[in-house]
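Sequential numbering from 1 applies to the sequence shown in the UniProt record's numbering.
Worth double-checking, as some hints may not be accurate.
To be verified - Pair ranges (Cβ atoms, derived):
1) Thr121 with Glu71: 19 to 29 angstroms
2) Lys106 with Ile60: 27 to 37 angstroms
3) Ser66 with Ser148: 32 to 42 angstroms
Derived from the structure by calculation, the hints contain no laboratory data.
Note that the Cβ used here is the ideal one computed from N, Cα and C, for glycine as well.
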Amino acid sequence: MLTNSNIKTSILNISNFLNLNGHDKISIIKNTTNISTLVGEIFVGIYNQCSFFLSNYLPIPQYISSIINDEYISILFATPSILINILESRIKININLINMIHFSGKFVNYETIYKFMNYFTGINLIQGYGLTEASPRITQISLEDMLSKKIQ
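The task is simple: from the sequences and hints, build the whole structure.
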């Protein structure tokens, strides 16, 4: 069950893993009403005194690239589908501004992970999973760690 205590614990644990701070500016490009987004991204950002950029525009790659530049986004939370759209469009992401891309909401195979790593070089990529209404648990793993666990 998702209790107040479990929410607080999740916020603290996710905060420790992501290491956000008050200098970070977050953009969330996905459904903000899911419990994983609400707790794992919005509450964590508020707890760490981050600022936010939220928009109701369609998440097309050109728009995402421009908000990163125009709004000085340092942390991007998105779905794998959005990252695939960016990758396929060949829109450049300013790696001097963005420190981390955290993606969740869909299974991502190894081939796609490798494509993300090659395209978003210099950016810390984190895949998150979990945190549903039934459980406070959440798994987050760096892509390098995930790829090192691949069963041959």
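Structure-based check of each hint:
no.	hint	result
1	Thr121 with Glu71: 19 to 29 angstroms	holds (22 angstroms)
2	Lys106 with Ile60: 27 to 37 angstroms	violated (18 angstroms)
3	Ser66 with Ser148: 32 to 42 angstroms	holds (35 angstroms)
Of the numbered hints stated above, the single one contradicted by the structure is hint 2.
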